[in-house]
Amino acid sequence: MEAIAKFDFSASGEDELSFRAGDMLKVSEEWYKAELRSQEGYVPKNFIDFHEGRLNMTTHGFFTTSSFQLAEMLPEAPLIDLF
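When we follow the UniProt record's numbering, the leftmost residue of the sequence shown carries the number 1, and every step to the right adds one.
Hints listed in this document are in silico derivations from the structure and should not be mistaken for laboratory results. Given the structure is predicted, the values throughout are model-derived calculations rather than measurements. Ideal placement from N, C-alpha and C gives every residue a C-beta, glycine not left out. Incorrect hints may appear among the rest.
[What the hints assert, rightly or not] Result set (DSBU-like, lysine-lysine): computed pairs, CA atoms no more than 35 Å apart in a straight line:
id	residue 1	residue 2
1	Lys26	Lys45
2	Lys6	Lys26
3	Lys45	Lys6
4	Lys6	Lys33
5	Lys33	Lys45
[As the list claims (entries may be wrong)] If you anchor each label on the Cβ, the simulated ranges turn out as follows:
id	residue 1	residue 2	range
6	Asp49	Arg20	33 to 43 Å
7	Ile4	Arg37	28 to 38 Å
8	Leu17	Val43	12 to 22 Å
9	His51	Ser10	28 to 38 Å
10	Val43	Gly13	11 to 21 Å
11	Ser18	Glu40	13 to 23 Å
Construct the complete structure from the given sequences, taking the supplied hints into account.
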């Protein structure tokens, strides 16, 4: 997949790529950047499935929902009256 850069971007880390507005970027369709237990890294696309309504993704394939937000979205267990 290819994408056109809308703005200039200066990389600030070793895993980032600098580019200029108008550059044609080849975007990997095989890997996604993901977060798990406060760590970030790339995961192979064919090892994961997405759950509709549980995770939000941007157009860049980055997760935008934190673990805390996911916990808030989980349904609460019904209260059981023991008496």
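Contradicted hints - numbers only
The structure breaks none of the hints.
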